[in-house]
Amino acid sequence: MNESAAAPKSALSFEVQRQVRKSLTGRIKTGAVSRSGMAVKVTVMVLLALSLLAFFTFDYKDIDFADAVRGTLTNAATLFAEPRLKYSTATAVLYQLFVTFCLGILSTILGAVIAFFGALLCARNISDPRVSAVVKSVVAFVRAVPTILWVLIFAVTAGLGSVAAVSGLTFHSAGYLIKAYAESIEEMDYGTIEALKASGAGFWQIVFQAVLPSSISYMLAWTFMRFEINFTNAIAMGAAAGAGGIGYNLFMAGYFYFDLHEMGYLTYVIVLAVILLETAATKIKAKVK
Amino acid sequence: MPVLELRNVSKTYNNTTRALHDVSVTVEEGEFVSIIGPSGAGKSTLLRSVNRLVDATRGVVILDGQDITRVRGKELRRVRTKTGMIFQHYNLVNRLSVMENVLHGRLGHKSTFSGALGLYTEREKEQAFFILERLGLTEQAYKRCDELSGGQKQRVGIARALMQEPKLILCDEPIASLDPNASKIIMDYLRDINKTMKITCLLNLHQVDVAIKYSERIIGLTAGRVTYDGPAQKLDKKTIYEIYQSNEGELITDMKE
Ligand SMILES: Nc1ncnc2c1ncn2[C@@H]1O[C@H](COP(=O)(O)OP(=O)(O)OP(=O)(O)O)[C@@H](O)[C@H]1O
Ligand SMILES: [Mg+2]
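Those sequence lines, one after another, are chains A and B. The numbers in our numbering rise by one with no breaks, and the one at position 105 of the first sequence is 105. Numbering-wise, our numbering comes out as the position in the second sequence, counting from 1, plus 289.
Hints should not be assumed to be uniformly reliable.
Only pairs whose alpha carbons sit at most 30 Å apart, straight line, appear in this in silico DSSO-like list of lysine-lysine [unchecked claim]:
id: 1; chain 1: A; residue 1: 285; chain 2: B; residue 2: 432
id: 2; chain 1: A; residue 1: 283; chain 2: B; residue 2: 432
id: 3; chain 1: B; residue 1: 432; chain 2: A; residue 2: 287
id: 4; chain 1: B; residue 1: 487; chain 2: B; residue 2: 523
id: 5; chain 1: B; residue 1: 523; chain 2: B; residue 2: 484
id: 6; chain 1: B; residue 1: 456; chain 2: B; residue 2: 473
Here are some chain B residues the structure puts well away from chain A; computed CB gaps all over 10 Å [what the hints assert, rightly or not]:
id: 7; residue: 303
id: 8; residue: 307
id: 9; residue: 318
id: 10; residue: 340
id: 11; residue: 349
id: 12; residue: 406
id: 13; residue: 416
id: 14; residue: 432
id: 15; residue: 456
id: 16; residue: 474
id: 17; residue: 487
id: 18; residue: 498
id: 19; residue: 502
id: 20; residue: 519
id: 21; residue: 536
The set of hints was computed from the structure by calculation and includes no laboratory data. Since we're looking at a predicted model, the values are computed, not measured. Think of the CB as a built atom: it goes at the ideal place given N, C-alpha and C, for glycine as much as any other residue.
Chain A with its partners taken away, still in its complex shape:
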């Protein structure tokens, strides 16, 4: 019997030693050579330094730190320990929640339909490379501008309200979903597309017979994820853009009535709704293979 084949018989030769990379503790490294690890470290250090600097250089005026903390805690206690409705009823709140839900659904569906066709132009394996590059950069721009800004831009023509909110949400959703859908499509093996092409199938036949069946489950998962985002965005739009829904109630309770009890109640309703949504989304995602 030999000894274990893996046991080194002698020391590594000089030429090999020169190639071996070691960590600070002298152990041999096995990972691929990359510069990104270093970049991550540097970024983290810089961010940490900036945070500390900011913390110490703020102008705190004459706020007493202990006082501020105490006040915040009392408010939080009122908010979360004594939820109570005063200016509206439970049914009204549920109805407003439903309105917000509908805003989210509407903008997600509109966005998804636009995104489906956009993704066909954007996915490199089925589109023209030049068209794809153009669509990709346009979409990157749309995504880079925050949703609230799009809503405000649409508000210039539509006025603040649900129309501007849905338009803005749809616009940003489309940008987000085009990228997600296109990546789902690009996951697909190009050979399959080529096989159908070789048999004489046309573009739309390939899209519906090969591309869609292969990527539909990813697309659905992304759509649900976007719906969750749109739902929370719709709450914010209710408050910030007067789009109605539960966000508007929250805005009124906080800004006009200054009623922490009512705000607490609304917050609980929203948290509950989001948790329910999240659970439903997870269930649905598990179902589509």
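Given the coordinates of chain A, work out where chain B with the ligands should sit on it, guided by the hints.
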């Protein structure tokens, strides 16, 4: 009349890589022809120029008596229905059933609308079952393709090609991912299709012994040029070494003797 004729076909990728150099090949109806040659010799390029997945830089491709070198759009789709293609990695839509994949062979014959929605006639579905039975896949008909073994997937690939009712079947390394057993089954089916259905077969193969055993004729391709074109029996060792540009004893096939 030959099914396929390549006249002085050259292909240069990106103005730099020369994959085919002045290749002229004629394939008669009903022939079983294998192309052999080293990696990068241009075998796949040759096959793909026949169904226009690759456009020849120079020369003429004549399929079934029609110059197809420059056809486009609808006409290209019609021309492509005449050639079935079988791939090393099967290239099926894994999430769809065997039946759906086989029926994909009909897409080129159908209208955009009914093809996109997958509306097939009863006759087409019956034909699909007829082909599946022939390939011993009846029991797999409603399985998803990702549940199949490699050999079964390749048979689905063949079924899809047969569904086109092609004149010519192109096989790009049909057995390169299969074990010897499954390889034999696939090769036997291809031969059977060639003999009983009179469909011409043009194959790329890496296994010289398989090529010699199954084909009537062999084409040797070396660095984009045809270096042998003749009966399989006349392919001697010396020629094989020339095709693969290697010396005696270097090829893995040498180890058998
Ligand atoms: N799409 C492409 N773009 C650029 N060059 C390519 C492309 N396809 C093939 N080539 C080049 O053309 C030459 C021939 O390739 P081809 O795939 O036809 O060879 P092959 O004989 O099929 O090889 P293998 O046996 O490895 O499959 C190679 O040098 C290859 O790098
Ligand atoms: Mg090849």
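Tested hints:
The hinted pair formed by residue 285 of chain A and residue 432 of chain B meets the criterion: a straight-line CA distance of about 22 Å does not exceed 30 Å. The suggested pairing of residue 283 of chain A with residue 432 of chain B holds, with an alpha-carbon distance near 25 Å, which does not exceed 30 Å. The suggested pairing of residue 432 of chain B with residue 287 of chain A holds, with an alpha-carbon distance near 18 Å, which does not exceed 30 Å. Proposed proximity of residue 487 of chain B and residue 523 of chain B is supported: the alpha carbons are some 24 Å apart, at most 30 Å.
Between the alpha carbons of residue 523 of chain B and residue 484 of chain B the distance comes to roughly 22 Å, so the proposed pair stays at or under 30 Å and holds. A distance of roughly 23 Å separates the Cα atoms of residue 456 of chain B and residue 473 of chain B; the hinted pair therefore holds under the 30 Å criterion. The non-interface label for residue 303 of chain B is consistent with chain A: the shortest C-beta to C-beta separation is roughly 13 Å, beyond 10 Å. Against chain A, the non-interface label of residue 307 of chain B holds: every CB pair exceeds 10 Å, the least being about 23 Å.
A cut-off of 10 Å between C-beta atoms confirms that residue 318 of chain B is not in contact with chain A; the least separation is 21 Å. Taking the minimum C-beta to C-beta distance to chain A, about 5 Å, the non-interface status of residue 340 of chain B is violated against the 10 Å cut. Listed as outside the interface, residue 349 of chain B is consistent with that label: its C-beta sits roughly 20 Å from the nearest C-beta of chain A, beyond the 10 Å cut-off. Residue 406 of chain B, annotated as away from the interface, has a beta carbon of chain A within 10 Å; the closest lies near 7 Å.
At roughly 15 Å from the closest C-beta of chain A, the C-beta of residue 416 of chain B stays outside 10 Å, upholding its exclusion from the interface. Every CB of chain A is more than 10 Å from the CB of residue 432 of chain B (nearest about 14 Å), matching its label as outside the interface. Against chain A, the non-interface label of residue 456 of chain B holds: every CB pair exceeds 10 Å, the least being about 13 Å. Interface exclusion of residue 474 of chain B from chain A stands, the closest Cβ pair being 21 Å apart, more than 10 Å.
Every Cβ of chain A is farther than 10 Å from the Cβ of residue 487 of chain B; the closest lies at roughly 20 Å, confirming the non-interface assignment. Consistency note on residue 498 of chain B: stated as away from chain A, and its beta-carbon is indeed over 10 Å from all of that chain's, at 27 Å minimum. For residue 502 of chain B, the non-interface assignment is confirmed: its Cβ lies about 27 Å from the closest Cβ of chain A, beyond the 10 Å cut-off. For residue 519 of chain B, the shortest C-beta to C-beta distance to chain A comes to about 29 Å, beyond the 10 Å cut-off, and the non-interface label holds.
In this structure residue 536 of chain B is separated from chain A by more than 10 Å, as the shortest Cβ-Cβ distance comes to about 31 Å.
Violated hints, in rising order: 10 and 12; the structure is consistent with all others.
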